[in-house]
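Participant: Using the sequences provided together with the hints, build the complete structure.
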Amino acid sequence: MAETPDSQRENEAVRAARAGMNTAEVKAWFVREVLPLEAALMQYLHHNLASGSDAADLRQDVYVRVCEVARKQPPDPVRPFVFTIARNLLIDRMRREQVVPIDAVSDLEALNIAIDMPGPERAVVARDELRRLQIALDRLSPRCREVVVLARIEGLTGRAIAARLGISEPAVSQQLDNGMRALAEVLYGEPSDLRRGN
Amino acid sequence: MSHADENLSASAAGQIEAQAAAWLRRRQGEWNDARQTEFDAWLAQTSAHQVAFWRLEAAWERGSRLEALRNTPMPSRAEPQRPGWLRFTKMAAAVIAVAAIGATAYLATRTGDAVYATALGERKVVTLGDGSRIELNTDTSLRIAANATERKVILERGEAFFQIVHDGTHPFTVIARGHRITDLGTKFTVREGRDSLQVTLVEGSAEIAPAAAADRDHSIVLKPGEVAVATAASIAVLKKPAAELNDEMAWRRGMLIFDRTTLADAAAEFNRYNDTKLVIADRSIAKQTIGGKFSTADVSGFVEIMQQLMGLRVERRGRDFVISH
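One line per chain: the protein sequences are D and G, in this order.
For the first sequence, the working numbering begins at 2 and goes up steadily by one.
For the second sequence, the working numbering begins at 10 and goes up steadily by one.
Just so you know, these hints were derived from the structure itself, not from any lab.
Just so it is clear, the structure is predicted and the values come from calculations on it, not from any experiment.
Glycine is no exception: its CB is placed at the ideal position from the N, C-alpha and C atoms.
Be careful, since some hints might not be right.
[Unchecked claim] Not the full set, but computed from the structure, chain D residues with beta-carbon under 10 Å of chain G:
1. Arg153
2. Ile168
3. Ala172
4. Pro192
[What the hints assert, rightly or not] Across the chosen pairs, the derived CB separations fall in these ranges:
5. D:Thr85 with G:Ala306: 26 to 32 Å
6. G:Thr298 with D:Arg96: 50 to 56 Å
7. D:Pro171 with G:Ala220: 27 to 33 Å
Facilitator: Printed below as a string of structure tokens:
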């Protein structure tokens, strides 16, 4: 037990070294705090942009900026911070393109409502999560869903899936890549009916 | 309405997302040091790559809840069986229905790999054909590679206790967070932290080294009572008193034991096991310490102590508890 003070000091040293937000912490924070806001963020971006793919680009810019700031100083509360960055990037883009929709200003003011809204409930009971996953899977095309289920739930390799479904391995890869992207789009990007229904 | 996979964005962000998806897919398959290096370089290239990958990975991880809900008696053979109910003709809905009822504890891939996973708050014991035991703690996923010449486990997430029957000709290795732990006849735990890997040696000895082949020189052999904390950049070794080690192993009995533990650390521990999260709202109280023994699921018992014995304010926010002055 004579070594207790030493090991305590060492423990503290290890903890102190972890105090800043490193990449792993930023990642955990981003998944926990920022991704659940995506549905609201996308609604806001879609409302203020002409095309959907612009929204995907801007969403990426928002996330990049949010994580860069968080690395230095984790913002608290998160929601107003994310939406303020979104607003600033929107304004930048409008200036750059010199296209200012007539209702842009009022929309930006309406944003304050979005900022003040309480965040979605983060904790989801396992059964609701299952239902949500099922809804997400249902949104995939039949072939894509087959591939995702075999990969995600049954844990089959691309080769095994190709053999089972009688399609080529590159085709499986393509379906799987699309499925992964679509799952993220539905799970994070779309407002959840479950949430609204409860 | 069109299917969600048929109108994906082809914008600049969409192209990055497609690359991220390709990496996520490759990581499910055969993976090696060269690929890891290539992947790390891609991630490091720009923050846009990172956020795109994190987002897809997080969505994909949520799908693992489907696996984790399968609870049945533990398998006792190293070779996993293909669950008979998984007929590919009956797709998603049927699979989910069965998964929800709970049909099997493990999954197999065509290559013979077995994946074991636990849900939040769940524990599971896996006994291998050679008599070795692996105990999975909460929210953990690991893959056992079926391979005739070596015994290899990949810890994908979480924490596990390994009690390994030593076999000099078939070394037992655990791969976790870029490191390789090689058993030299031993009992140890491996825990993935937020930014580091922690390997605690209970009995015997084990070697820890970066998984990249070029880094073999940096290996460290652990002695009983030693804890290696490994990050991408370094491996530090601490010595911990037996009592503290015992407390840290309490999860194997479904317990959390705190001894002069800060509220911040105690709350983080509870949060590993429960959907209901504890949020310490004031920095000033985060450093207050607490002692005691709790069931991992007993969040309300812990909250009561903070409320009544420590005089802290507890507020419910949704499912969470927010603790303040």
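Participant: Hint by hint, say whether it matches the structure.
Facilitator: Hint check results:
For Arg153 (chain D), the shortest C-beta to C-beta distance to chain G is roughly 4 Å, which falls under 10 Å, so the interface hint holds. Because the smallest distance between the Cβ of Ile168 (chain D) and any Cβ of chain G comes to about 13 Å, over 10 Å, the interface hint for this residue is violated. Hint status for Ala172 (chain D): violated, given a least beta-carbon distance of 13 Å to chain G, over 10 Å. The beta carbon of Pro192 (chain D) comes no nearer than 14 Å to any beta carbon in chain G, farther than 10 Å, and the hint placing it at the interface is violated.
Checked against the hint of 26 to 32 Å, the pair Thr85 (chain D) and Ala306 (chain G) fails, with Cβ atoms roughly 39 Å apart. Thr298 (chain G) and Arg96 (chain D) have their C-beta atoms about 52 Å apart, which keeps the hinted 50 to 56 Å range intact. For Pro171 (chain D) and Ala220 (chain G), the Cβ-Cβ distance of about 29 Å falls inside the hinted range of 27 to 33 Å, so the restraint holds.
The structure does not agree with the numbered hints 2, 3, 4 and 5 stated previously, though it agrees with the rest.
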